[in-house]
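S.K.: Chains as they are written, first to last, in our numbering: chain Z, 1 to 112; chain X, 1001 to 1114.
Everything labelled a hint here was simulated from the structure, so no lab data went into it.
Built from N, CA and C at the ideal position, the CB exists for glycine as well.
There's no promise every hint is true.
Taking lysine to aspartate or glutamate pairs in the DMTMM-like style, the calculated list, with each CA pair at most 25 Å apart, reads [said to hold, decoys possible]:
1. Z:K58 - Z:E15
2. Z:K42 - X:D1073
3. Z:K99 - X:D1026
4. Z:K58 - X:E1102
Taking CB as the label site, the calculated pair distances span [to be verified]:
5. Z:A70 - X:S1069: 42 to 50 Å
6. Z:K42 - X:Q1017: 24 to 32 Å
7. X:P1039 - Z:G16: 27 to 35 Å
8. X:L1079 - Z:E15: 43 to 51 Å
9. Z:K71 - X:G1063: 31 to 39 Å
10. X:D1026 - Z:K58: 27 to 35 Å
What follows is the residue order along each chain.
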Amino acid sequence: GENVEQHPSTLSVQEGDSAVIKCTYSDSASNYFPWYKQELGKRPQLIIDIRSNVGEKKDQRIAVTLNKTAKHFSLHITETQPEDSAVYFCAASNTGFQKLVFGTGTRLLVSP
Amino acid sequence: NAGVTQTPKFQVLKTGQSMTLQCAQDMNHEYMSWYRQDPGMGLRLIHYSVGAGITDQGEVPNGYNVSRSTTEDFPLRLLSAAPSQTSVYFCASSMTGGGGTEAFFGQGTRLTVV
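Please work from the sequences and hints to get the whole structure.
M.R.: Below, the structure written as structure tokens:
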């Protein structure tokens, strides 16, 4: 089955810096790659997703890139703000099976 | 439109007790799933359902049962609680169909087994 690895497990940046979180997946049939943000004590919420027919997607300060050949995808956050502090999860699925497999999460801390 | 609703929010069980975690969604989503979240291990899939009457196992199904008699409800049963089942449990739902769709999560149930 699918296996998703996520790095780093923790990331500390200064406000205004960029943050990059990387994930690799194992199943070449996976074709949907969402990113979720989970604030302390809250539920995970989708922030951006990408499908395998697209190499990059942007939404204001966040962007995701996908390299199908290497089987890795990354989340990029620019101009980080303290409210970006949270745990971020990547995930992958083969939409034919509708099962999301999550990475182990990255705790991002943005210091003022 | 309440989205995905889980009950209870907190629960303490004694080893060997059984209980049911409730999950309901009002978005007419076909796909529903249960995850457990443990420190450093992300979200792990327990069971999932692609529609009423259809369920299947995820990564960590042992010790849990599910059923899906209606589109709206997807309860998770702990048959005989063990301390290893202490965790935060999330229910999620999404539309099925090609291309992948957003999973909406409930607010979570924090379960402690003593």
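S.K.: Against this structure, judge whether each hint is valid.
M.R.: Going through the hints against the structure:
1. A threshold of 25 Å between alpha carbons decides the hint, and for K58 of chain Z with E15 of chain Z the separation of about 20 Å falls inside it, so the pair holds.
2. Distance hint between K42 of chain Z and D1073 of chain X is fulfilled; the C-alpha atoms sit about 22 Å from each other, no more than 25 Å.
3. Taking the CA atoms of K99 of chain Z and D1026 of chain X, the gap is near 21 Å; set against the 25 Å cutoff, the hint holds.
4. Proposed proximity of K58 of chain Z and E1102 of chain X is supported: the alpha carbons are some 17 Å apart, at most 25 Å.
5. At roughly 44 Å, the beta carbons of A70 of chain Z and S1069 of chain X sit within the given window of 42 to 50 Å.
6. For K42 of chain Z paired with Q1017 of chain X, a C-beta distance near 28 Å keeps the hint of 24 to 32 Å intact.
7. The hinted window of 27 to 35 Å between P1039 of chain X and G16 of chain Z holds, with their beta carbons roughly 30 Å apart.
8. Separated by about 48 Å at the C-beta atoms, L1079 of chain X and E15 of chain Z satisfy the suggested range of 43 to 51 Å.
9. Between K71 of chain Z and G1063 of chain X the CB atoms are about 32 Å apart, so this pair conforms to the stated range of 31 to 39 Å.
10. Look at D1026 of chain X against K58 of chain Z: about 32 Å separates their beta carbons, and that is inside 27 to 35 Å.
Violation of the numbered hints given earlier is absent; every hint is satisfied by the structure.
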